[in-house]
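From the two separate chains plus the hints, produce the assembled complex.
Below are the chains, spelled out letter by letter.
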Amino acid sequence: MTEISKAYEPQAVEEKWYAFWEKEGCFTANPASPKPAYSIVIPPPNVTGVLHMGHVLNNTIQDILARKARMDGKEVLWLPGTDHAGIATQVMVERQLKKEEGKTRHDLGREEFLKRVWAWKEKHGNIIIQQLKKLGASCDWTRERFTMDPDYSRCVQKAFVELYRKGLIYRGKRMVNWCPVSQTALSDEEVEMKPQKGFLYYFRVQVVEPVGDSEVRNPKSERSPKSEGAEGEAGEKKGGPEVDSEGRVWLTIATTRPETIPGDTAVAVNPKDTRYAHLIGKCVIRPLPINLPLEKKLIPIIADEHVDFEFGTGVLKVTPAHDKADFEIGQRHNLPIVDIMNPDGSMNTLAGDSLAGLDRFEARAVAVDRLRELGALVKEEPYENNVGFSQRADVPIEPRLSEQWFLKYPAVEQARACVAQEDADAGETTSVGRASSRAVSPQPESSERMRFHPQRWAKVYDHWLTNIQDWCISRQLWWGIGYRCGTVSPKPEIRNPKSLRMPSGATRLRLLIPMRGNRIPTSSTPGSVPGSGPSPRWVGPRRRTRSGNSIPPPTSLPDRTSFSSGSPG
Amino acid sequence: MIMAGYEFMGDMPFRNVYFTGIIRDKLGRKMSKTLGNSPDPLELIAKYGADALRFGTMRSAPLGQDVLFDEKDVELGRNFCNKLWNACRFRQMQGGEVQGEINPALLTSDDKWILLKLDQALREIGDALNTYNFNTAVQTLYRFFWSEYCDWYVEASKAILSRATSDKTAASSASGNGDGDLRANKLAVLDFVLSHTLRLFHPFLPFITEELWHGLGYSKDMPENQGGRTIMFAPWPKPLDDDFKAHYGLDASFLEMVDAKYDLVTQGRNLRRNANIPASRKVKFVFKPAQDMPAHEIEVMRLLLNAEAVEVKPDYQAPKGTPSVHTSLGELLLPLEGLVDIEAEKARLKKELEKAEAEIAKVEQKLSNPNFVEKVPPHVLQEHRQRLTDWQAKRDRARQNLEALEGR
Numbered sequence: 001m002t003e004i005s006k007a008y009e010p011q012a013v014e015e016k017w018y019a020f021w022e023k024e025g026c027f028t029a030n031p032a033s034p035k036p037a038y039s040i041v042i043p044p045p046n047v048t049g050v051l052h053m054g055h056v057l058n059n060t061i062q063d064i065l066a067r068k069a070r071m072d073g074k075e076v077l078w079l080p081g082t083d084h085a086g087i088a089t090q091v092m093v094e095r096q097l098k099k100e101e102g103k104t105r106h107d108l109g110r111e112e113f114l115k116r117v118w119a120w121k122e123k124h125g126n127i128i129i130q131q132l133k134k135l136g137a138s139c140d141w142t143r144e145r146f147t148m149d150p151d152y153s154r155c156v157q158k159a160f161v162e163l164y165r166k167g168l169i170y171r172g173k174r175m176v177n178w179c180p181v182s183q184t185a186l187s188d189e190e191v192e193m194k195p196q197k198g199f200l201y202y203f204r205v206q207v208v209e210p211v212g213d214s215e216v217r218n219p220k221s222e223r224s225p226k227s228e229g230a231e232g233e234a235g236e237k238k239g240g241p242e243v244d245s246e247g248r249v250w251l252t253i254a255t256t257r258p259e260t261i262p263g264d265t266a267v268a269v270n271p272k273d274t275r276y277a278h279l280i281g282k283c284v285i286r287p288l289p290i291n292l293p294l295e296k297k298l299i300p301i302i303a304d305e306h307v308d309f310e311f312g313t314g315v316l317k318v319t320p321a322h323d324k325a326d327f328e329i330g331q332r333h334n335l336p337i338v339d340i341m342n343p344d345g346s347m348n349t350l351a352g353d354s355l356a357g358l359d360r361f362e363a364r365a366v367a368v369d370r371l372r373e374l375g376a377l378v379k380e381e382p383y384e385n386n387v388g389f390s391q392r393a394d395v396p397i398e399p400r401l402s403e404q405w406f407l408k409y410p411a412v413e414q415a416r417a418c419v420a421q422e423d424a425d426a427g428e429t430t431s432v433g434r435a436s437s438r439a440v441s442p443q444p445e446s447s448e449r450m451r452f453h454p455q456r457w458a459k460v461y462d463h464w465l466t467n468i469q470d471w472c473i474s475r476q477l478w479w480g481i482g483y484r485c486g487t488v489s490p491k492p493e494i495r496n497p498k499s500l501r502m503p504s505g506a507t508r509l510r511l512l513i514p515m516r517g518n519r520i521p522t523s524s525t526p527g528s529v530p531g532s533g534p535s536p537r538w539v540g541p542r543r544r545t546r547s548g549n550s551i552p553p554p555t556s557l558p559d560r561t562s563f564s565s566g567s568p569g
Numbered sequence: 570m571i572m573a574g575y576e577f578m579g580d581m582p583f584r585n586v587y588f589t590g591i592i593r594d595k596l597g598r599k600m601s602k603t604l605g606n607s608p609d610p611l612e613l614i615a616k617y618g619a620d621a622l623r624f625g626t627m628r629s630a631p632l633g634q635d636v637l638f639d640e641k642d643v644e645l646g647r648n649f650c651n652k653l654w655n656a657c658r659f660r661q662m663q664g665g666e667v668q669g670e671i672n673p674a675l676l677t678s679d680d681k682w683i684l685l686k687l688d689q690a691l692r693e694i695g696d697a698l699n700t701y702n703f704n705t706a707v708q709t710l711y712r713f714f715w716s717e718y719c720d721w722y723v724e725a726s727k728a729i730l731s732r733a734t735s736d737k738t739a740a741s742s743a744s745g746n747g748d749g750d751l752r753a754n755k756l757a758v759l760d761f762v763l764s765h766t767l768r769l770f771h772p773f774l775p776f777i778t779e780e781l782w783h784g785l786g787y788s789k790d791m792p793e794n795q796g797g798r799t800i801m802f803a804p805w806p807k808p809l810d811d812d813f814k815a816h817y818g819l820d821a822s823f824l825e826m827v828d829a830k831y832d833l834v835t836q837g838r839n840l841r842r843n844a845n846i847p848a849s850r851k852v853k854f855v856f857k858p859a860q861d862m863p864a865h866e867i868e869v870m871r872l873l874l875n876a877e878a879v880e881v882k883p884d885y886q887a888p889k890g891t892p893s894v895h896t897s898l899g900e901l902l903l904p905l906e907g908l909v910d911i912e913a914e915k916a917r918l919k920k921e922l923e924k925a926e927a928e929i930a931k932v933e934q935k936l937s938n939p940n941f942v943e944k945v946p947p948h949v950l951q952e953h954r955q956r957l958t959d960w961q962a963k964r965d966r967a968r969q970n971l972e973a974l975e976g977r
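If you read the sequences in order, they're chains V and R.
Just so you know, the working numbering puts 495 at position 495 of the first sequence, and the rest follows in order with no gaps.
Counting the second sequence from 1 gives a position; the working numbering is that position plus 569.
Hints are computed from structural coordinates only; laboratory data are not their basis.
Please read all numbers here as calculations on a predicted model, not as lab measurements.
Please note that a few of the clues may not be correct.
Unchecked claim - PhoX-like cross-link-like pairs, simulated, lysine-lysine; straight-line CA separation at most 20 Å:
hint : chain 1 : residue 1 : chain 2 : residue 2
1    : V       : Lys-35    : R       : Lys-807
2    : V       : Lys-134   : R       : Lys-807
3    : V       : Lys-74    : R       : Lys-616
4    : R       : Lys-652   : V       : Lys-6
Just chain R, same shape as in the assembly (with noise of 0.2 Å):
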């Protein structure tokens, strides 16, 4: 082609070449109709969605390299479509019209925090594209959405969405009540992240993209031939410029402060298990903040937390005892008195220690048995050793919240 471009055009025929990779099975062999491992695009299609095996397809597909098929792959963007779908219908159960002014002034540093990390988003995924790096564009997508996104932003809203649920109407009528203003700045900032997430998404899911642009309204704010009618035409989101930043305050001082609170969550949610807690039950941490924190970063972190109460306690004095986590915000502590029958927990830890010691002896006892690692296949000799790890880590957790319990 490119001869012939010389030859019958006098010029070079286009400016970059991509070569895909060969599909092959999860095994790497070559697909072919006699070993019956060639999946029917069409099924897959009936079974998942057009949208799920396009995401799922390129998810798998590095530049250039072989792409190994899995059939999971599809079902994990069937699982992403469904996803997308669910945190679109989450936006529309907070009623209202599509927010599109956002004040800066009633900005949350969550809301600042999921803009910048929009803001990356942008700028990898175009890079990503304009380098013909799909891969890595439908991995951004993905990270960006399901986690930064769905896990953390969405479940902060919250600290302000379900405030206000109970008298929303007051709220979006009334002018001057600060729970409604700062509700419709919430619902702003989720209608300018999911309007740029849908058009980011197109290219990739143009189905479900082009349901949910309609479905959520976006459609209605944009020019007939740039979104209005299709999404198809929607202009290509730009990544967010110095002048909005500056504008809306997205000091990059954020994503550093939110992601040590949310670090902190995460610290906490293991103290809980740790101590075996069930989710459903409600528990109080007490947390003794390095500086000062606004009460409403206190919220966030007790609805991240799942916790009944989080305690701002300086001058806190624990019990022996008390599982705790140190970050740069403050100390998190989480009492365990009234909630956990400290004996019997130490009873059973006691008990659950001695098993992970017994299954190790007994794990270490084949993998010592030289007849044994000689004769085995490879995928049950590898079965063991990762049996090995397991029952280690379990021991070494266990060890340790009994010590902590014992307040050692």
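Bound-form chain V, shown alone (with noise of 0.2 Å):
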């Protein structure tokens, strides 16, 4: 018994303890202990971080679990590590490098500049690992990983492959924010919406019949809704197609982006709209490029419930490849995909002889003095709308189709069928989509369950998991886990990288598994590869465990907002 001072100075205590049960080794845990055991993998914060309240509540929580489950006789471990955190890391060390030495990752190439990565991280990343200390977490400090320890990738490159090889992944082509400066993909988090004064220009666009020959005919005019005394509201609202003098039928667009006119491959109206629902299904002709014969500049009305009555004429000129929702559309409508834009903004060739090689803002301008020639232009008005702007440059961003990787999701139905939906108090525990997962797997005990806490979750788990899109897990970046993904047609191939010669002229490509910005934070690395944990359990076909570690998968897995463990009584 020694004398306990008069007041309580908490600095002193707890830096002698936790030094005393480091050195001690009470955070490590015993692979060969006959006790029962217990592990939460830690969501391993960013190299990048500082400690905030979200990792104070989140790890004093799973403190308290870990050190109850040690009071309680369990072998634990709480498995600590940090997230290398891709594009974070990346920015952080470009911005260190343009302000030191005014320059770009581009002026270092790859490999002078990963090592630059990694210095930083050396120097720098420990920091919140510090502050965890400070905190008292019990973690198992000698097991401590970073996402990017060549274990853990070959785990996670692992998984990619048997996934792959599998048919879950696969290449798809989607809409990126892409920066025309810094010419990379950027995540919506790097993206600053800003309020922007410009114009909303007016063209118009006639109405032709569509034929599959060359010869334009008028639609005939006493179809027009007025003629027929159409009804409803928006048949009485201004705007509605006009007919000349001539009988010829046009349509009035507005747009804020004329530039793309030339990769317009439709033009879109509300199949409720009453002012323009008798000419689904028609042509218009699209005014740029001028020099097109003119079947090549037939695109058609179509029908789409997305565009809005209210904006401009109510009108949509549909550009899949340069805007998120003009995508959509076209994916809806299959639509074709003209890409008249160059990776560094520029316009190319199929924008048209007048366009090609103009810088995007430069476009505009000649594109709105081509509509004025033609006759097109009926008048533009300020306007002023939110646009993008890439936070690393500056610049609005360009909506880009680009091809990425895609994971279709595996073994959704179980992971679907094995939450309790009910409360264990409540009775009788139900489970969604039962009947259908019964082809899959017996349905567990309602004792196995996994249960969600508090609740609630579970029904948003369940509503996610039913309506769950393929998730889009690669980034254009230099750090992070990569593959070299060759091309050999007709089908593309992956191979074990270490084993794969580059075939000439293909792809190459850096994936991170997994990726930030989807719908739901639902995984963090280490938890999204079982067994690239503690001891790699798992690790693929070949190569069998061999330490005979007997740490189990582990008994909690957090999550950035959520964590699950083990029961901890």
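Pasting the structure below:
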């Protein structure tokens, strides 16, 4: 018994005991222990991170569970680590490079740049670990992981290859936020919306019958809604098609981006908009580029419920290659995608002779001039709207179609069926998707179901899994777990990164798994690959575990905003 | 992760998923750098200690709901740590070795009460942790330790501990000395409760509990790898089982009886406060018991009432105007003769009553003015309503006390 001093002085006490616990190995899990195992995988904080109150809450809860489990006589592993945080880290180092040396990562080249990132990580990356220690976190620091550790990367690559072989990972096209200056895709978090003053340009296009041959016939003007006495509010509104003295029918379209007209592959109206409903299925003559044969200028008038009656004239030009919403419309209607821009934001030859080679903003002015010359420009109005800016280069981002990798989620039905949908206390539990899951796997006993605390999240989870969409898992980054993917026609072939020789002309892609910015923060890297934790129990088909380590996969897998755990009792 | 568990391991990866809320500031806004409402946890640790930060955060975090963070919670966490520290220090200053053996024959009603309260806390905290209700667990810890243990039990214990302090050496050495045995037994109960409490608190307050665990010498009683080296591996305390309760005579009736005693004390304290007698002034209470009460119980009451004496007079005839309370244990009276100049006190109360009535009239006038009610911001209106309620309460209390003094 030592004398208890008069006043409690936390700093001295905290330092003394934390050092003691570490020195005595109190946090170190023993795989040979006969005690029942209990493990938690930390939601790895970003290696660039500093402790905030969210970390305090989350990690205090984990520490309470870990310490309680130790006192309950369990062999506890609380596995810590940091997330390489691809975009955040790369941007941070790029900023430093710019500031201190006035260079970009391209000036250094990939290899040298990555050396810098590793150096940065070694120097600053451990701040948050030290901070977690201050909080008293009883993590097993001897097993600290980094999501780009060689073993760890290997597990992730293994998972990638296995999922690819099963056909669950595939390549597809998707709209990304493209920064024409940095020439990279950006996550939504790196795009900042700013109000911009510009103009709304109204231009008119002629409506014609869709015909197989090159002859263009005018639609019969008596079928216009006015002559038919169409009813409905929309019909009474301003706008709507106009018929000129020669019986030709015209539509007026409003746009802030006339330079993208050459990429239009349809115009869309709302099917409920009585002003235009009778024109659905006909075509219009796209005014730009000017020097094209008529049949190449014909684009259809389509009906899409997402078209806003109120915007402009209610007629929308659809540019699937250069606008996210338009891309979706294009997907729904199977429209061709015409990409009229280069990666640096200049126009390519598909934009037509007068625009090709111009920067996108110069091209806007030229496009307006061309419309005016054609007599197609109706009016221009000052207009303010929100435009996404690249946080890195402070220029408007360009929605751009690019080739990305997608994951079709595996085991969805099992994952859905295993979660109890009712409170344990509420009597008989039910589980949705029960009938359909039976074919996949036997329904778990109710006591073996997974429980959500609080229970209401089970509903959210079920809804999410019911509407789940394929996950875009790729990023064009240098800092991350890499894959070299060669394209060998007719089917892309992936090989083990170590044994792969790059076929000439192959695309080279760096992938990060998992990605940020998916719909729900579902997984953090260590959790997404069970077995990549304490000992690589899952090491793929060819290499079984060598250590014979008995620590099982985590009983508790925490998430950034949620975490899970085995019963602490 | 669930899908990956099935895909790569062929099994459900875990059984329970806990969702934390979002931490917001006390006004319910999200914390952000721009708002500057995001406190730096390291500054809080430097200012209050890591345990205080943990305790404050967990206390304000209900299961799955957003957490409204207020630095006051951390301050409260620090106060709680200080309370724990002082309570352990109090035990140490009583001297003597760690007392392992509790003699059932020497247990007082207060001892049995605190053991039953400990059992209740152990059960509540165990249940709360098993269902991930961390915040319920923290609130139970708080209630048990601050209110039940420190405010009531430790104070009541002084009936035995202070009695024997003067001849401490004699008490601990001489066998057969009744006071010494009682004292040792009291220390044994304190040690039992504290060693359980420190273990219960350890997951929440890891640092201070480790320091006190060693400071009080509880580590010495434990096997090396089960609390001897560190409290981290000390066994989690189990609720008291039926055999234990039977052996120590922990009958639930003691809860009721001691609760009634403490309730009597609370009401007695109110008598003193209402009579405007400062806490430093020693007073005599008169007690008319409903049934026989052992002298020890009267002594405990005296201590808790901070009274010079509690005279047991079953046939006491109180002078007109003597403040009193009736409880299931009997009637407690506070004779004011010699303590209070009755006439001066009456005059004071009358003045107080007048002031309260004047204040009430003022606020009521404001509140009946539609111009005022409609135009002032809601918090000002709220503040006025509160003021009205407060003054009304003061008025009622003054009126009541005045009536009591006048023997009405």
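Results of checking the hints against the structure:
1. Lys-35(V) / Lys-807(R): 19 Å, holds
2. Lys-134(V) / Lys-807(R): Distance of about 30 Å is beyond 20 Å: violated.
3. Lys-74(V) / Lys-616(R): 34 Å, violated
4. Lys-652(R) / Lys-6(V): 12 Å, holds
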